[in-house]
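*Asks:* Please construct the entire structure, taking both the sequences and the accompanying hints into account.
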Amino acid sequence: MQALLRSLPLLPPLVVFGLMGAGAMLIPAGYASAGDMPHLAWAFVQSALISAVVLILLALATARRPGPGTSRSMLLTMAGSYAILPIMLALPLAMALPDTGLFNAWWEMVSSLTTTGASLYDADRLAEPLHLWRGLVGWMGGLHILVAAIAIMAPLHIGGFEIMTTPYRRDPFYRLPGGMGQQIPQAHIAPDHAGRGLDLPIRRLYRAFLAVFPVYAGLTLALWLLLLIAGDPGLVALMRALGTISTSGIAPVTRPVGAASGFWGEAVVLIFLIPALSRRFWPGGGELIATERLRDDPELRMAAGLAMLVALILFFRHFIAEAEITPDQISGTMQGPKGALAAAWGGFFTALSFLTTTGWTSLDWTHARFWSGLTSPGLILAGLAMMGGGVATAAGGVKLLRIHALTRQSIRELERIFHPSSVAGGGREARRLRREGAYLAFIAFALFAVSIAVVVMLVSIQRVSFDSATILSVAALSNTGQLTGSISLMPVFEGSAGFAGALWEGWAGLPGFTKLVLAGAMIIGRIETLAILALMSPDLWRR
Amino acid sequence: MKIIICGAGQVGWQIARHLARERNDITLIDIKPELIRRATEMLDVRGVTGFASHPDVLDRAGAQDCDLIIAATHTDEVNMVTCQVAHTIFEIPRKIARLRSEAYLEAIWSDLYRTEHLPIDVVISPEREVAHAALQQLHAPSTFDAQDFLRGQAQLLGLRLTDDCPCLDTPLRQLGELFSSLRAVVVAVRRDRRLFVPAPGDQLFRGDRIHVFTHSDDVARTLEVFGKPAHQPRRAVLIGAGNVGVQVARQLEAERPRIRTIMIERDRNHAEAAADSLKRTIVLNGDGLATDLLHEANAPSADTILALTYDDKTNILAALRAKQMGAGHAIALINDPSLLPMTARLDIDATISPRASTVSTILRHVRHGRVRDIYSVGDAEAEVIEAQVLPSSAMAGTRIRDLDLPEGALIGMVQKGAKVLRPEADMRIDEGDIVCIFALRQDVPGVEALLQVAIDFF
Numbered sequence: 025m026q027a028l029l030r031s032l033p034l035l036p037p038l039v040v041f042g043l044m045g046a047g048a049m050l051i052p053a054g055y056a057s058a059g060d061m062p063h064l065a066w067a068f069v070q071s072a073l074i075s076a077v078v079l080i081l082l083a084l085a086t087a088r089r090p091g092p093g094t095s096r097s098m099l100l101t102m103a104g105s106y107a108i109l110p111i112m113l114a115l116p117l118a119m120a121l122p123d124t125g126l127f128n129a130w131w132e133m134v135s136s137l138t139t140t141g142a143s144l145y146d147a148d149r150l151a152e153p154l155h156l157w158r159g160l161v162g163w164m165g166g167l168h169i170l171v172a173a174i175a176i177m178a179p180l181h182i183g184g185f186e187i188m189t190t191p192y193r194r195d196p197f198y199r200l201p202g203g204m205g206q207q208i209p210q211a212h213i214a215p216d217h218a219g220r221g222l223d224l225p226i227r228r229l230y231r232a233f234l235a236v237f238p239v240y241a242g243l244t245l246a247l248w249l250l251l252l253i254a255g256d257p258g259l260v261a262l263m264r265a266l267g268t269i270s271t272s273g274i275a276p277v278t279r280p281v282g283a284a285s286g287f288w289g290e291a292v293v294l295i296f297l298i299p300a301l302s303r304r305f306w307p308g309g310g311e312l313i314a315t316e317r318l319r320d321d322p323e324l325r326m327a328a329g330l331a332m333l334v335a336l337i338l339f340f341r342h343f344i345a346e347a348e349i350t351p352d353q354i355s356g357t358m359q360g361p362k363g364a365l366a367a368a369w370g371g372f373f374t375a376l377s378f379l380t381t382t383g384w385t386s387l388d389w390t391h392a393r394f395w396s397g398l399t400s401p402g403l404i405l406a407g408l409a410m411m412g413g414g415v416a417t418a419a420g421g422v423k424l425l426r427i428h429a430l431t432r433q434s435i436r437e438l439e440r441i442f443h444p445s446s447v448a449g450g451g452r453e454a455r456r457l458r459r460e461g462a463y464l465a466f467i468a469f470a471l472f473a474v475s476i477a478v479v480v481m482l483v484s485i486q487r488v489s490f491d492s493a494t495i496l497s498v499a500a501l502s503n504t505g506q507l508t509g510s511i512s513l514m515p516v517f518e519g520s521a522g523f524a525g526a527l528w529e530g531w532a533g534l535p536g537f538t539k540l541v542l543a544g545a546m547i548i549g550r551i552e553t554l555a556i557l558a559l560m561s562p563d564l565w566r567r
Numbered sequence: 392m393k394i395i396i397c398g399a400g401q402v403g404w405q406i407a408r409h410l411a412r413e414r415n416d417i418t419l420i421d422i423k424p425e426l427i428r429r430a431t432e433m434l435d436v437r438g439v440t441g442f443a444s445h446p447d448v449l450d451r452a453g454a455q456d457c458d459l460i461i462a463a464t465h466t467d468e469v470n471m472v473t474c475q476v477a478h479t480i481f482e483i484p485r486k487i488a489r490l491r492s493e494a495y496l497e498a499i500w501s502d503l504y505r506t507e508h509l510p511i512d513v514v515i516s517p518e519r520e521v522a523h524a525a526l527q528q529l530h531a532p533s534t535f536d537a538q539d540f541l542r543g544q545a546q547l548l549g550l551r552l553t554d555d556c557p558c559l560d561t562p563l564r565q566l567g568e569l570f571s572s573l574r575a576v577v578v579a580v581r582r583d584r585r586l587f588v589p590a591p592g593d594q595l596f597r598g599d600r601i602h603v604f605t606h607s608d609d610v611a612r613t614l615e616v617f618g619k620p621a622h623q624p625r626r627a628v629l630i631g632a633g634n635v636g637v638q639v640a641r642q643l644e645a646e647r648p649r650i651r652t653i654m655i656e657r658d659r660n661h662a663e664a665a666a667d668s669l670k671r672t673i674v675l676n677g678d679g680l681a682t683d684l685l686h687e688a689n690a691p692s693a694d695t696i697l698a699l700t701y702d703d704k705t706n707i708l709a710a711l712r713a714k715q716m717g718a719g720h721a722i723a724l725i726n727d728p729s730l731l732p733m734t735a736r737l738d739i740d741a742t743i744s745p746r747a748s749t750v751s752t753i754l755r756h757v758r759h760g761r762v763r764d765i766y767s768v769g770d771a772e773a774e775v776i777e778a779q780v781l782p783s784s785a786m787a788g789t790r791i792r793d794l795d796l797p798e799g800a801l802i803g804m805v806q807k808g809a810k811v812l813r814p815e816a817d818m819r820i821d822e823g824d825i826v827c828i829f830a831l832r833q834d835v836p837g838v839e840a841l842l843q844v845a846i847d848f849f
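From first to last, the protein sequence lines are chains G and P.
Taken in order, the first sequence gives residues 25 to 567; the numbers are from this note's numbering.
Taken in order, the second sequence gives residues 392 to 849; the numbers are from this note's numbering.
Worth flagging that the hints you see were computed from the coordinates, not collected in a lab.
Treat each hint with caution, since some may be false.
Unchecked claim - Partial pick of chain G residues on the chain P-facing surface, computed with a CB cut under 7 Å:
#1 Thr-431
#2 Gln-433
#3 Ser-446
#4 Val-447
#5 Ala-448
#6 Gly-449
#7 Gly-451
Every residue, glycine too, gets a C-beta built ideally from N, C-alpha and C.
*Replies:* Listed below in structure tokens is the structure:
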């Protein structure tokens, strides 16, 4: 492992990411040539070649130059890779769809890479290799955030790590007054081959990548196989697998998950959504494991509770409320206990899928909506998407651990109303989570809310109705592009994404400025506002 | 009997005081010269200054021909090593060690204290015993004293008689006739500070503090007869989250899920540690003597308040204050036996004294005959001895009316086979029976003589 790490080139991370992206273009190229679409294959190969040439020149110019020294500048790299890399990734899309323009193609790639999964294009009018490319980019985006979380965000104590790191420098003992003074760390005097430089940020990235990639790819392959067995056609199964593991939710069809594979397909997808709920399923990030036992994990419990709650609300609403549209008015919907179960399942699956910001819907979701009689249950999904999945996973949103910290803290405050001087238990970890953790979680939550407000403001400057602006902003900031599909929006026709554009879906018709704002929102949502603020701290630009 | 006691702290001191009174040959070892000086001045003991586990110190204390060593220093490890040294070098036959750490006391490790492993015959843990006593007080809330005998089949209850008691001014003989099926015997009465064993013609008066032996099944009825309705507490307030407090709270959580417990602890770190180890108990951080904190803990509506801090004065004051605020029942932990008579005059319903239970455990191993259990009553004024009747003892085969019991002694309960019976005048004590005898201090040797086997037994 050490030898492998040392053999990897010391290149700027952006160049490395770019080379990986260029290499990945060959996959859809192969698919296109196998599917007898030579012009598409050529577009991919051509873009791969152009990118490779430029990147190799860059690599030669920057090789052996020690990468950016600080983790904070790595953060800048990370933000840059979400904004700049998509230009390169957009090349094949722009070539294949000449009337869409590089800007729209870039937007589409930003949306994919940030695992938002919002699309400007009508699924039926986009060629299969292009769908595959979107899915692959989303998949790489998920991998990127999983790696960056432990390689870049953990050392900086941002991106959710701030909640679990103690302000006492992880010192389990109180320093005795008059004891040993501040220890001065000894400078490295060993030569490079003795391991010096292994803590360079780029090396840390490589190390995290080598740890995460096998698990990530393995899970994807397993899901692909299981979905094939369940009955999904090849490309759909692969893209469902890519979209589930990366929580991008990019699919070549707009139909629900179980459309071809039925209940079992949905059940398999549901299981593979769980890794997006907690970092404990991924290598690295051990400091985030709040409890020893799996079943005590706060994030998993929270997620299960929320999904159950949604399922129960949808299930029981049927018996309480007078439905505006009764199920029997819709032909072909189920009745009786079978219908009730289907409604609960549809609610549960869809809730969990939106909680992980994947955004798939269940086959039974439409039924669940009618069963419950709620006119717009999509708003529940928007709320779930804002809560988001696990800290340091591919999911977006505010993150469950933060919600958990805030919940614990509010329960504690309620207790304190009755017993102002009470002391709560739970151990050191829980105490820290309730105090400093909740404080930092509140900051993150407040920043998220402020981001929503700012983005809504910027979006509604244009001729976009307020409701639509809100949903678009939430979808972009929580990286759940599919939200627009489950909430009916007032479409805008100010802009266009060319022939393949899906004007009625909400994104394609937006004016250019709004698209730019929303793309920014996706990037901010992906690396979190707190991290952006860390970028703005004076240490970074003051040399 | 020649006894070495290591550690002249709270526990060691009390044991020494008690055993010295019984004309044992006591040597006290402590590292602090002033403690040893005080002990030799105040008690009838020999003193050695030094580190208890050092062989030369033990040798100076006369470990060569010693019968029993009691290691009761503050450090568990020193106590363990002392027993090991006493066993290996001096071959002292009986070794008692005081261990306070929960980790050493856990049942899993009880295999540890075998002769071939760590030669400790008896482990005493004052904290654990105090916690046990506190829980017993909670189980019988209207008593000032409660103790199990005959493996939990009989209980000794201490009751303070008030105007509510329906059997005031009645001769005890009549009481037995009125409630003939009630298996309860009044074994002692404390009137105006004097403790005596009542004769059948004696009457009970208001303000008497009596000790009653009762069958465990008849506890509720007995309490009723003496005007103490048995009602179970619902809200308990514990003051002090030390070893004792946490243990009581933990057992309450395990055994009495219906009791709502609130705990008050002054030290923030202790409070946090207590809160971590407890699930349902609410832990408050603050001074248990402060009125606002007691209000916050809902002390005015609490059924029972237990003051279990290390400081006697805090316990007394906190119990009094809570009682004044309207708490139902106040129990205070009192280490210093000289304070006990004082608390009888105060509005404190019951006291727990760590000495009584610890000393009882040790006495069991000092006494002759088949003594199974000993409980020391009051300020060591009397003892309850639970013993098996040996074949050749003076008791075997005798009717109770013919028994030559000293004046200050009374049989409380008799266990024949599996049955626990109230002693009757013409009941015959057979060998193998287990008797519980209440005896005033001056009559303990007489009772012992009765229980001891005749010389020809050997």
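*Asks:* For every hint, state whether the structure bears it out.
*Replies:* For each hint, the structure was consulted:
1. Thr-431: violated, 19 Å
2. Gln-433: violated, 16 Å
3. Ser-446: holds, 5 Å
4. Val-447: Since chain P brings a Cβ to about 4 Å from Val-447 of chain G, closer than 7 Å, the hint holds.
5. Ala-448: holds, 6 Å
6. Gly-449: holds, 3 Å
7. Gly-451: holds, 5 Å
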